[in-house]
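Let the sequences and hints guide you as you build the complete structure.
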Amino acid sequence: MALLEMRNITKSFYGKAANEDVDLLLEKGEIHALLGENGAGKTTLMNILYGIYPKDHGEIFWKGEEAGFSTPREALAAGIGMVHQHFMLVPTMTVSQNITMGLKSPGYPLTDRAAVDRKIRVLSGRYGLDVNPDALVRDLSVGEQQRVEIMKLLYRDAELLILDEPTAVLTPGETENLFVILRQLKAEGHSVILITHRIPEIMAVTDRISVLRAGRKVAERATADTEGKELSRLMIGRELKTVSLPEPTGARRACGAEEAGGGERPWDGLHLEKICCREKGRSRLEELSLEIRPGEILGIAGVDGNGQKELAECIAGIRKTDAGSIRLDGRDLTDLKAAARYGAGVAYISDDRHHDSLVLDMSLQENYLLNTRLRKSHSRRGFLGKKRSRAEVEKIITDYEIKCTGPDQKIGLLSGGNQQKLILAREFACDPGLIIAFQPNRGLDIGAAEFIREKLLEHRARGAAILLISTDLNEILSLSDRISVIFEGHLSPSMENSEKIDTLQIGRLMAGEGMNP
Amino acid sequence: MKNILKNTLGNLLLLLIMIALSFIMISAVGSSQSQALSAFFISIFGSVYGLSEVFVRAIPLTLAALGVSVGFRTGFFNIGAEGQIYMGACAATAAGMALPGLPPFLMIPLVLTAAFLAAGGWSLIPGFLKARFGLSEVIMTIMFNYIAINLTGILVRTVLKDPSYALPMSPEIPDAMKFSSLLFPTRLHGGLFLALGAAILVYIILWKTAFGFRLRAVGENPRAAKCTGISVYVHLLAAALISGGLAGLAGAGEVMGLHFKLMDGITPNFGYLAIIIALLGKNHPFWIIISSLGISALHVGSSAMQRQAGVPSSISWIIMGALVLLILAKEQILIRLNERSES
Chain A
-19 MALLEMRNIT
-9 KSFYGKAANE
1 DVDLLLEKGE
11 IHALLGENGA
21 GKTTLMNILY
31 GIYPKDHGEI
41 FWKGEEAGFS
51 TPREALAAGI
61 GMVHQHFMLV
71 PTMTVSQNIT
81 MGLKSPGYPL
91 TDRAAVDRKI
101 RVLSGRYGLD
111 VNPDALVRDL
121 SVGEQQRVEI
131 MKLLYRDAEL
141 LILDEPTAVL
151 TPGETENLFV
161 ILRQLKAEGH
171 SVILITHRIP
181 EIMAVTDRIS
191 VLRAGRKVAE
201 RATADTEGKE
211 LSRLMIGREL
221 KTVSLPEPTG
231 ARRACGAEEA
241 GGGERPWDGL
251 HLEKICCREK
261 GRSRLEELSL
271 EIRPGEILGI
281 AGVDGNGQKE
291 LAECIAGIRK
301 TDAGSIRLDG
311 RDLTDLKAAA
321 RYGAGVAYIS
331 DDRHHDSLVL
341 DMSLQENYLL
351 NTRLRKSHSR
361 RGFLGKKRSR
371 AEVEKIITDY
381 EIKCTGPDQK
391 IGLLSGGNQQ
401 KLILAREFAC
411 DPGLIIAFQP
421 NRGLDIGAAE
431 FIREKLLEHR
441 ARGAAILLIS
451 TDLNEILSLS
461 DRISVIFEGH
471 LSPSMENSEK
481 IDTLQIGRLM
491 AGEGMNP
Chain B
422 MKNILKNTLG
432 NLLLLLIMIA
442 LSFIMISAVG
452 SSQSQALSAF
462 FISIFGSVYG
472 LSEVFVRAIP
482 LTLAALGVSV
492 GFRTGFFNIG
502 AEGQIYMGAC
512 AATAAGMALP
522 GLPPFLMIPL
532 VLTAAFLAAG
542 GWSLIPGFLK
552 ARFGLSEVIM
562 TIMFNYIAIN
572 LTGILVRTVL
582 KDPSYALPMS
592 PEIPDAMKFS
602 SLLFPTRLHG
612 GLFLALGAAI
622 LVYIILWKTA
632 FGFRLRAVGE
642 NPRAAKCTGI
652 SVYVHLLAAA
662 LISGGLAGLA
672 GAGEVMGLHF
682 KLMDGITPNF
692 GYLAIIIALL
702 GKNHPFWIII
712 SSLGISALHV
722 GSSAMQRQAG
732 VPSSISWIIM
742 GALVLLILAK
752 EQILIRLNER
762 SES
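Listed in order, the protein sequences are those of chains A and B.
Numbering-wise (this note's numbering), the first sequence opens with residue -19 and increments by one.
Numbering-wise (this note's numbering), the second sequence opens with residue 422 and increments by one.
You may find that some hints are simply not true.
[Said to hold, decoys possible] Under the rule of at most 30 Å between Cα atoms (straight-line distance), these lysine-lysine pairs were calculated in the DSSO-like manner:
| no. | chain 1 | residue 1 | chain 2 | residue 2 |
| --- | --- | --- | --- | --- |
| 1 | A | Lys317 | B | Lys647 |
| 2 | A | Lys390 | B | Lys599 |
| 3 | A | Lys375 | B | Lys647 |
| 4 | A | Lys366 | B | Lys703 |
| 5 | A | Lys367 | A | Lys383 |
| 6 | A | Lys(-4) | B | Lys751 |
| 7 | A | Lys390 | B | Lys629 |
| 8 | A | Lys254 | B | Lys647 |
| 9 | B | Lys647 | A | Lys435 |
| 10 | A | Lys260 | B | Lys647 |
| 11 | A | Lys356 | B | Lys629 |
| 12 | A | Lys(-4) | A | Lys383 |
| 13 | A | Lys375 | B | Lys629 |
| 14 | B | Lys703 | A | Lys367 |
| 15 | B | Lys647 | A | Lys390 |
| 16 | B | Lys751 | A | Lys356 |
| 17 | A | Lys356 | A | Lys300 |
| 18 | A | Lys435 | A | Lys289 |
| 19 | A | Lys300 | B | Lys647 |
| 20 | A | Lys375 | A | Lys356 |
| 21 | A | Lys383 | B | Lys647 |
| 22 | A | Lys366 | B | Lys751 |
| 23 | A | Lys289 | A | Lys260 |
| 24 | A | Lys356 | B | Lys647 |
| 25 | A | Lys(-4) | B | Lys427 |
| 26 | B | Lys629 | A | Lys383 |
| 27 | B | Lys647 | A | Lys367 |
| 28 | A | Lys383 | B | Lys427 |
| 29 | B | Lys703 | A | Lys390 |
| 30 | A | Lys375 | A | Lys(-4) |
| 31 | A | Lys317 | A | Lys356 |
| 32 | B | Lys629 | A | Lys367 |
| 33 | B | Lys629 | A | Lys289 |
| 34 | A | Lys289 | A | Lys390 |
| 35 | A | Lys317 | B | Lys629 |
| 36 | A | Lys8 | A | Lys166 |
| 37 | A | Lys209 | A | Lys480 |
| 38 | A | Lys366 | B | Lys647 |
| 39 | A | Lys99 | A | Lys84 |
Worth flagging that the hints you see were computed from the coordinates, not collected in a lab.
None of the values given here were measured: they were computed from a predicted structure.
This is how it looks when you write it as structure tokens:
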């Protein structure tokens, strides 16, 4: 008897099918991958199982009995737990408090914290989940927070764990660590459903794979009987282009932003000199210098939280630098505010689109106009011209294949990939001289990621200087002309990228070895 | 389509609850239902005068609520309209007394500007403290109400006092700054056009101009505004100025069109009602006008109930409180229902 069986699950939103007749069969002790691009319906399917959405049609059997959970609480009580892509933790509370939140703990109402912590430590040891019950969640790294989330479920005796894109935020080392935990869970008789679009990870850790495409299940394979190529073909419905390093460009162009005076000037790229940035008494960037030539992509590798955000925001002008200078095409940007820097040809793609780049309650068109240069070019005597910008947004929707009902739809209703496409279109619309691409592929599927890659290369060919910051080393390796590593606010000397580049060396630098503070 | 139907049904249900509630309260104080009800409606719709009174009250309510809504749209939660109305009234009176000889076409714009700037400047203080140091504007604007109210009390007993009377009030303002009467002998005055004009202007600013777009962006997601190069600081200050300034115009309008002098208690809680109206009107100028008229009618009707049927007019406050609660509840329930049916 299967542990879980879902039959003919159908679900539509606003008349659009998110799941159509999806079947899923899961045995006890199995690690099962739900593979598919963003918007393929993986998360929807799991949200239905977990009682977040009611299904339109179909049946769910849990341990042979028909079950339809209408709230996550019911699902949890039955032994199903889910770790969402965005963690549900209270940063100001301890790990132990987060784990027992909402439960009647021993000693209720005066919780016997010591007994709880003992149980957590026992679970910790058994599954190799290294968490300190007394630590505050806000002090934990992303990987540790994820372990707390998993622990939360184990503490509630979940038999089936659903993990939504668990590796999206992890470093390679943390990912490896997670897989060890998953194998241990499996050995202890737990089952796992892994929602992902990263094929190499699936091959490493799963038993069976269900592939979803556009809301339908297109294939199911045993991991041993398939290979990455077949899976990616199944997932995106076509062969993936083989990734090769881009040819170096000799691109130079004559002039910078129109606001810079217009005359013929040498196109000089970006120069940072000894940038310092402090926050709350801690040094975030320490005399950091770098140079990006026009038509060049500089990739910055590094583990999350080593000053990437500070670097990106210092260049974009969102954060103040305490010392040092920033020059773009010979123009000193150091004392300019963000708006003026965007005016001078800087484009910024943030890693956190919901907070930094979009107003979710506004329409696509209004979000398009959030860009300073676009807004200025569409303003006439203080009035915003809506007609022309609307036509532009409509063109973008077609060109970028953004799935939406039109320029008036609220952008919060779109999937992450489609939101990101609008941001790209917006930031690229003014032919920027410098592109700061900070985790541009975060949370995106292969199709969208490939599209972004093409767009970045296109702008590289046009002579833009591109700063690519990512924690995904493969992304860096596949795009960059040169690569530097950032560690605790220090930048390593850059190395030329080639097929023969020493990735071990990069890994060592990411861990801080050989960086001279 | 389905949503409109649901909304209408919800509103009808709300109306029923309100009517039932009023009946219960009227019988609880032992008055006659029919007498109270007829007093209520006849006072509003029974005469031109009654109807004009609804508009008279709606003028300051609309202006102050417009101010509140501009603040809300930008993320500046201005609870201080009450105090700002007082500041506007003080400034208008002081300006009028200082420049008695000017002709109306100079006087009125000048006085209105003074009121706008005084009240706007008044709300700029909490605005600055929020924008610069992140202090809570809600608490500050509430506290500023007390300061403004009592400052007015001091002014009408000292500098602005009419020496020929014993009562704490200013002398009558110069004729040149009085709004003309619109429908003599009713009290309706030219402030009506001021309120309508302000509503149109607010609509144009918020939805047609780049400046208004930036205000709304700051209100919806200040972080994204900052990251896309919009100065949160500047726009919070601007919103505080406009928000307070519009409330100040409400105060000036009361002096220039209705009382013709400054005194204690020049607003019977209009500043607080304005918050309710902005909420009911979803921070949209058109709906704010409609809600102002509704709340104002409730006021006029309930005072008539008190006079003619002995029903305490405080019932209107109970009704307003319940109304706000019910509307908030209705919206939440509608959202839940929609989520259910969509998901």
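For each hint, the structure was consulted:
Only pairs whose Cα atoms come within 30 Å are accepted, and A/Lys317 paired with B/Lys647 is accepted, the gap being roughly 10 Å. A threshold of 30 Å between alpha carbons decides the hint, and for A/Lys390 with B/Lys599 the separation of about 47 Å lies outside it, so the pair is violated. The hinted pair formed by A/Lys375 and B/Lys647 meets the criterion: a straight-line CA distance of about 27 Å does not exceed 30 Å. Distance check on the hinted pair: A/Lys366 and B/Lys703 sit about 23 Å apart at the alpha-carbon level, within 30 Å; holds.
Using a Cα cut-off of 30 Å, the hinted pair A/Lys367 and A/Lys383 holds, with the two alpha carbons roughly 21 Å apart. Of the supplied pair hints, the one linking A/Lys(-4) and B/Lys751 holds, its CA atoms being roughly 28 Å apart against a limit of 30 Å. Only pairs whose Cα atoms come within 30 Å are accepted, and A/Lys390 paired with B/Lys629 is accepted, the gap being roughly 18 Å. Among the hinted pairs, A/Lys254 with B/Lys647 is consistent with the structure: their alpha-carbon atoms are about 25 Å apart, no more than 30 Å.
For the hint linking B/Lys647 to A/Lys435, the alpha-carbon distance of about 25 Å falls within 30 Å, and the restraint holds. For the suggested pair A/Lys260 and B/Lys647, the alpha carbons sit about 20 Å apart, so the restraint of at most 30 Å is met. Note on A/Lys356 and B/Lys629: the hinted pairing holds, with a Cα-Cα distance of about 14 Å set against a maximum of 30 Å. In summary, the hint linking A/Lys(-4) to A/Lys383 is supported, as the alpha carbons are separated by about 11 Å, within the 30 Å threshold.
Between A/Lys375 and B/Lys629, the direct Cα distance comes to roughly 22 Å. Compliance with the 30 Å bound is thereby established for this hinted pair. With a C-alpha separation of about 26 Å, the suggested pairing of B/Lys703 with A/Lys367 holds against the 30 Å cut-off. In summary, the hint linking B/Lys647 to A/Lys390 is supported, as the alpha carbons are separated by about 20 Å, within the 30 Å threshold. Proposed proximity of B/Lys751 and A/Lys356 is contradicted: the alpha carbons are some 40 Å apart, above 30 Å.
Of the pairs offered as hints, the one joining A/Lys356 and A/Lys300 holds, with about 24 Å between alpha carbons and a cut-off of 30 Å not exceeded. Distance check on the hinted pair: A/Lys435 and A/Lys289 sit about 22 Å apart at the alpha-carbon level, within 30 Å; holds. With a C-alpha separation of about 13 Å, the suggested pairing of A/Lys300 with B/Lys647 holds against the 30 Å cut-off. At most 30 Å may separate the alpha-carbon atoms for a hinted pair to count; A/Lys375 and A/Lys356 meet this at roughly 19 Å.
For the given pair, A/Lys383 sits about 27 Å from B/Lys647 by alpha-carbon distance, which is consistent with the 30 Å threshold. A threshold of 30 Å between alpha carbons decides the hint, and for A/Lys366 with B/Lys751 the separation of about 33 Å lies outside it, so the pair is violated. The hinted pair formed by A/Lys289 and A/Lys260 meets the criterion: a straight-line CA distance of about 15 Å does not exceed 30 Å. Proposed proximity of A/Lys356 and B/Lys647 is supported: the alpha carbons are some 16 Å apart, at most 30 Å.
With a C-alpha separation of about 22 Å, the suggested pair A/Lys(-4) and B/Lys427 falls inside the 30 Å cut-off, and the hint holds. Our distance criterion of 30 Å between C-alpha atoms is met by B/Lys629 and A/Lys383, whose separation comes to about 27 Å. A hinted pair counts as satisfied when its Cα atoms are at most 30 Å apart, and B/Lys647 with A/Lys367 qualifies at roughly 26 Å. In summary, the hint linking A/Lys383 to B/Lys427 is supported, as the alpha carbons are separated by about 28 Å, within the 30 Å threshold.
In summary, the hint linking B/Lys703 to A/Lys390 is supported, as the alpha carbons are separated by about 18 Å, within the 30 Å threshold. Distance restraint check for A/Lys375 and A/Lys(-4): the Cα-Cα separation of roughly 23 Å lies within the 30 Å cut-off, and the hinted pair is therefore satisfied. Note on A/Lys317 and A/Lys356: the hinted pairing holds, with a Cα-Cα distance of about 16 Å set against a maximum of 30 Å. At roughly 12 Å between alpha-carbon atoms, B/Lys629 and A/Lys367 fall within 30 Å of each other, so this suggested pair holds.
A C-alpha spacing of about 34 Å is found between B/Lys629 and A/Lys289, which places the hinted pair above 30 Å, so the restraint is violated. Our distance criterion of 30 Å between C-alpha atoms is met by A/Lys289 and A/Lys390, whose separation comes to about 27 Å. A distance of roughly 26 Å separates the Cα atoms of A/Lys317 and B/Lys629; the hinted pair therefore holds under the 30 Å criterion. A distance of roughly 9 Å separates the Cα atoms of A/Lys8 and A/Lys166; the hinted pair therefore holds under the 30 Å criterion.
Simply put, A/Lys209 and A/Lys480 have alpha-carbon atoms about 23 Å apart, close enough for the 30 Å limit, and the pair holds. A hinted pair counts as satisfied when its Cα atoms are at most 30 Å apart, and A/Lys366 with B/Lys647 qualifies at roughly 23 Å. Using a Cα cut-off of 30 Å, the hinted pair A/Lys99 and A/Lys84 holds, with the two alpha carbons roughly 14 Å apart.
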